[in-house]
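**Q** What follows is the residue order along each chain.
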Amino acid sequence: MKIYENKCVGCGRCHPYCPGVAIYFIDGISKIDQDLCFECGTCLRSEVCPVDAIYEPDDIFNYPRSVRKFFSDPTTTHKETNMPGRGTEEVKTNDVTNRFVKGEVGVGLEVGRPTVGTKISEVQKITKALAEEGFNDFEDHNPVSGLMKNNEKGILKEEVLDERVLSAIVEFTIKEEELSRCLKVIDEIAKNIDTVFTMDLITCYDQGMKIRIKEELAKYSFQPRPNAKINIGIGRKNDEEV
Amino acid sequence: MTHTLHREGSIESLKKDFLLLITPAMKINDKGAAEKIKKLIDIVFDVGPTNYGCYEKGMNILSGIDVEVIKDTTQDNSRIRCVFSSKEKFKEVLTRVIEADLGLSVTVSGLQSSVKEILDEMEIDPHSVNLAMGTHGAEEKLPDENFRKITTMCGHAMVAPGLVEDMIVKVKKGRLTIEEAAVKLAKPCICGVFNHERAALLLKELMPLYTID
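In order, the protein sequences belong to chains A and B. Residues 563 to 804 (the working numbering) make up the first sequence, in order. Residues 139 to 351 (the working numbering) make up the second sequence, in order.
Source of the hints: derived by calculation from the structure; they are not laboratory data. If you're wondering where the values come from, they're calculated on a predicted model, not measured in any experiment. Take the hints with a grain of salt, since some may be wrong.
[What the hints assert, rightly or not] FRET-style restraints, in silico, Cβ to Cβ:
#1 A:N800 / B:D180: 19 to 25 Å
#2 A:C573 / B:P346: 15 to 21 Å
#3 A:K772 / B:I149: 19 to 25 Å
#4 B:I149 / A:C573: 37 to 43 Å
#5 B:V307 / A:E609: 18 to 24 Å
#6 B:E173 / A:P612: 29 to 35 Å
#7 B:M260 / A:D620: 48 to 54 Å
#8 B:A238 / A:N660: 21 to 27 Å
#9 B:E173 / A:N713: 20 to 26 Å
#10 B:E261 / A:D724: 35 to 41 Å
#11 B:K279 / A:P788: 38 to 44 Å
[Unchecked claim] One-sided excerpt, in silico: chain A residues whose CB lies under 10 Å from chain B:
#12 C573
#13 H577
#14 E609
#15 T659
#16 R743
#17 L745
#18 I773
#19 A780
#20 K781
#21 F784
A virtual CB, placed ideally from N, CA and C, is assigned to each residue, including glycine.
Could you put together the complete structure from these sequences and hints?
**A** Following this line, the structure appears as structure tokens:
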């Protein structure tokens, strides 16, 4: 995002809206630090500028700058997922996709969340560390997969590594019996990255809303929060009879 | 992936915060989903959500988008994203969505204990769960913990911590009421999953903790 210097009156109203704290005053007007800007578009959508000085330059859709836009602005649609936002369907459609079945655990590490943001190079630190331990069954229908140069080794394309995004989700599937080892790897990753990540674990319920991995999780410092996202299981494939 | 997960705050503050997500699955049941979604939008608005978002327009109902505009812009890959503060309303909308039986996947997000109570009453045995396993890494970089209780209601991080601070200042100076500030905080969350009623309660709690120059 940018601000027309000849229009800006320096009122500062747009500053608090920026999740990246990228807007600053210089010579009495506001400017956007192009390195800090995530291209999320929040400042423009806020419509707080009294003189319409905020604008989206055409070149933000030029690769690799476009990576910022697609990973930070939920109004954009990724070609990898055909979904708005930076997310994937994960548990939301698991009742029809069976992306994660009993015996498997879906793992999601949302790098940069909440609000801190991340360089893609930090995302690569995670994908490489996971791949080195054999956790490289990365989800295909995920925007990060579009940045992969080598899935097996978790290596991302060099030209995107310096781009900053609000968050990017590393998503992969493991066997239930691998959970313990995987959590240890994630614990090590947490000590070695220069940003934050939130962790999600997706699992099928046993009858009676029993969490299959509950006992295994009890052995670790990673504990589930009291709130969760629950697929109630009423979806159907289109070709199934009503 | 998880924009309604990882809402921070006490259990007490999450008791009146229920999210409904209805999602067509790509290449599985998304063909012709737009018409089903429109029917479900009618149900949701008949019950009355606290907030509802429209990706296509980049707005939520608190920023002024009308339900007819939302329906007009609905496509096969559109999703329903909304939040309810009332448990009774949430039960009603869930019951009616299930009765409509349109075959799209339904996910609910909230306190596991509250959701279990509702689903048990409806005799629904849910399919799968996405557990929020916390925030890790360079935690010293995180924004103020109190601000995060509000900002994490937008999982896409469109609600900046600086905006919470700005709203606190404006309320303290008498330029906005707490309720007006909560609505302003909700506007950047285009998914409409930001619960401004919960935000108002949280802002009330925060007010005595911060001073202004």
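**Q** So which of those numbered hints doesn't the model satisfy?
**A** 2, 6, 9, 10, 11, 12, 16, 19 and 20
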